[in-house]
Amino acid sequence: MIGVLLLTGFLGSGKTTLLRHLLRQPAFSRTAVIINEFGEVGLDHQLVEASTDSYIELQTGCLCCKVRNDLVETIDEMLCRRDQGTVPPFTRIVIETSGLADPAPILQTLMIHAAGRLVLDGVVTTVDAVNGASALAREPVSIKQVALADRLVLTKSDLADGSQRVLLDRLAELNAAAPLVTANHGSIDPALLEGVALDPRTRSLAIEAWLGEAAGAHGPRHTRHDSEIQAYAVVRDEPLHAVALTLFLEALAEHCGAGLLRLKGIVDIAESPGRPAVIHGVQHVFHPPAWLPHWPCDDRRTRIVLITRGIPRRWVEVLLDALKAEVVATAAEP
Amino acid sequence: MTDLSTETLRELLAESLAAWRLVGDVRSAGGLVLLSCNATEIRVEPVPPGSPFRWMVTVNGRGRGALSLLAVLRRVRAALDCQYERHQVRIAPAPVIPP
Numbered sequence: 050m051i052g053v054l055l056l057t058g059f060l061g062s063g064k065t066t067l068l069r070h071l072l073r074q075p076a077f078s079r080t081a082v083i084i085n086e087f088g089e090v091g092l093d094h095q096l097v098e099a100s101t102d103s104y105i106e107l108q109t110g111c112l113c114c115k116v117r118n119d120l121v122e123t124i125d126e127m128l129c130r131r132d133q134g135t136v137p138p139f140t141r142i143v144i145e146t147s148g149l150a151d152p153a154p155i156l157q158t159l160m161i162h163a164a165g166r167l168v169l170d171g172v173v174t175t176v177d178a179v180n181g182a183s184a185l186a187r188e189p190v191s192i193k194q195v196a197l198a199d200r201l202v203l204t205k206s207d208l209a210d211g212s213q214r215v216l217l218d219r220l221a222e223l224n225a226a227a228p229l230v231t232a233n234h235g236s237i238d239p240a241l242l243e244g245v246a247l248d249p250r251t252r253s254l255a256i257e258a259w260l261g262e263a264a265g266a267h268g269p270r271h272t273r274h275d276s277e278i279q280a281y282a283v284v285r286d287e288p289l290h291a292v293a294l295t296l297f298l299e300a301l302a303e304h305c306g307a308g309l310l311r312l313k314g315i316v317d318i319a320e321s322p323g324r325p326a327v328i329h330g331v332q333h334v335f336h337p338p339a340w341l342p343h344w345p346c347d348d349r350r351t352r353i354v355l356i357t358r359g360i361p362r363r364w365v366e367v368l369l370d371a372l373k374a375e376v377v378a379t380a381a382e383p
Numbered sequence: 005m006t007d008l009s010t011e012t013l014r015e016l017l018a019e020s021l022a023a024w025r026l027v028g029d030v031r032s033a034g035g036l037v038l039l040s041c042n043a044t045e046i047r048v049e050p051v052p053p054g055s056p057f058r059w060m061v062t063v064n065g066r067g068r069g070a071l072s073l074l075a076v077l078r079r080v081r082a083a084l085d086c087q088y089e090r091h092q093v094r095i096a097p098a099p100v101i102p103p
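Keeping their order, the protein sequence lines are chains D and S. Remember, this note's numbering sits 49 above the position in the first sequence when you count from 1. Remember, this note's numbering sits 4 above the position in the second sequence when you count from 1.
Rather than coming from a laboratory, the hints here were simulated on the basis of the structure. Just so you know, not all the hints are guaranteed correct.
[What the hints assert, rightly or not] If we take Cβ atoms under 8 Å as the criterion, some of the chain D residues that face chain S in the derived model are:
id : residue
1  : Ala-240
2  : Glu-299
3  : Glu-303
4  : His-304
5  : Ile-360
6  : Trp-364
7  : Leu-372
8  : Ala-378
9  : Ala-380
[Claimed, not checked] What follows is a list of derived Cβ distance ranges for each label pair:
id : chain 1 : residue 1 : chain 2 : residue 2 : range
10 : D       : Thr-135   : S       : Tyr-88    : 42 to 52 Å
11 : D       : Arg-285   : S       : Arg-94    : 16 to 26 Å
12 : D       : Glu-320   : S       : Gln-92    : 21 to 31 Å
13 : D       : Thr-231   : S       : Phe-57    : 55 to 65 Å
14 : D       : Cys-129   : S       : Ser-40    : 21 to 31 Å
15 : D       : Ala-186   : S       : Arg-66    : 25 to 35 Å
16 : D       : Leu-229   : S       : Gly-54    : 35 to 45 Å
17 : S       : Asp-85    : D       : Asp-119   : 34 to 44 Å
18 : D       : Ser-321   : S       : Arg-94    : 19 to 29 Å
19 : S       : Ser-40    : D       : Arg-166   : 31 to 41 Å
20 : S       : Ala-43    : D       : Asp-119   : 45 to 55 Å
Don't be surprised by glycine CBs; every beta carbon is placed ideally from N, CA and C.
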C-alpha cells in the first residue's frame, strides 16, 4: 500500500516551502508529488526540486471543485507508470492542494477512488504565523483546512511580531486534537509527520495520537468550539452491536451531510470482542472499518471523534444511545 | 413492539429538532410521543406485536410504518423540512492488497 499525505493550507501559508524541505529528507525519498495550483499557469512546481527517486506532477484548476476526476486519473496514471517502471518506484504520494481548496471533497475522492492500492496517511495543514489569524477570520475555507488537519504546521513564526497567542488560541478552538508543529524557516523534523494517521497496513498505531486528545481520558474538558465548527468525542464504556454502529453512521451521513466534516474512532464491537474496529469518514463517505488484531492501549472504551459544523454534540450522543437501545431491544425479542 | 422508553424517543426527537434548527414542541403522553412544528402535528408510537414495523409515524393524520428509529427520523424530518435532502452514506471500497 502506498501512503497518501494531503498537504493543505491557505494561500501563502508555506506549503511549497515545507514540501521543498521535506523532499530533501531521506524519510521522504521515493515520494511522488502532485501539486495543484489554482491558476492556469503553475509556478509552485518549479520551486520544488525532486530527488532522482521522486517525481512531480502538476495539475491546474481547483482540486476540490473542478478536477477531482483529474486527480483520480493522475493517480491511476502514476501507479500505472510505477508498475511499468517508467517512473521511480515511489512509496508515498504527497498531494499539495491549492491554497483555496476545500480538503473535504479531496479526502472523499481519495477514500472512494483510491482505496485499492492507497491508504490515506493524513492531512497536514500549514498555518502562517503572520497572516494566519486574519485568514481564519476572513476565509471559511481556511477554517476548514485547519479543522480537518491531523497535524498543524505553524510557519513563518520567525517573522511574526510579538505573541501569537490569538492565533494559537484560535487553532485550539478549531482543532484541539491536531498536534501543532512549528517550522523553523520552513523546516521541520519529518518524523513529526510520521504516524499522522492510522496505518492499517502495519496496525502499529498511536491510537491516542490519531484520535487526538479529544478522545482521551480528559476529552470532555478539552472540547473546543466556535460558533460553527466543533470537535468533540463520544466515549462509551459498553460495547456496541455492529448494526447499531452501522445505523449510527447512516444517520449521521443522512442528516449531517456536509456538516460532518470528519469522523474517526475506535469502536468496541460486541460481536468482535478484543478486536476493535477503526472507523473513518468524511461527510457522508466512510472507509470500511479496519479491524485491529487487539486493542492498542489499555483504554478499551469506544471513542469516536467528530469534527462538525453546526451539529450539536448532545444530538449525536442521544442518537447513538437511542439506536443502541433499539438494537438491544430488538435482539432481546423472541 | 420495542422496549425503548418513550422518554428516550422524546429526547431523541427533541434533540433532532434542535440539530435540524427547527423550533417545535415535543412531549410524551401515554406511551407515545407528540411533536408539533411548522404547523405540522406528528405522532410517533410503537406498534403492537405482529406488525412488520416497529414504529408508526402519523403526520397530520396520515400514518406510515417505520422499521427503525433511523426510518422514524427520516420520516419526521421529511415532513418538517421541505429542503431536507437525504445524503446516503457511501462506504469506500475495501482495500485490496495487490499480489
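Could you tell me which of the numbered hints above are not met by this structure, giving the numbers in increasing order?
-> Violated: hints 1, 9, 14, 15, 16, 19.
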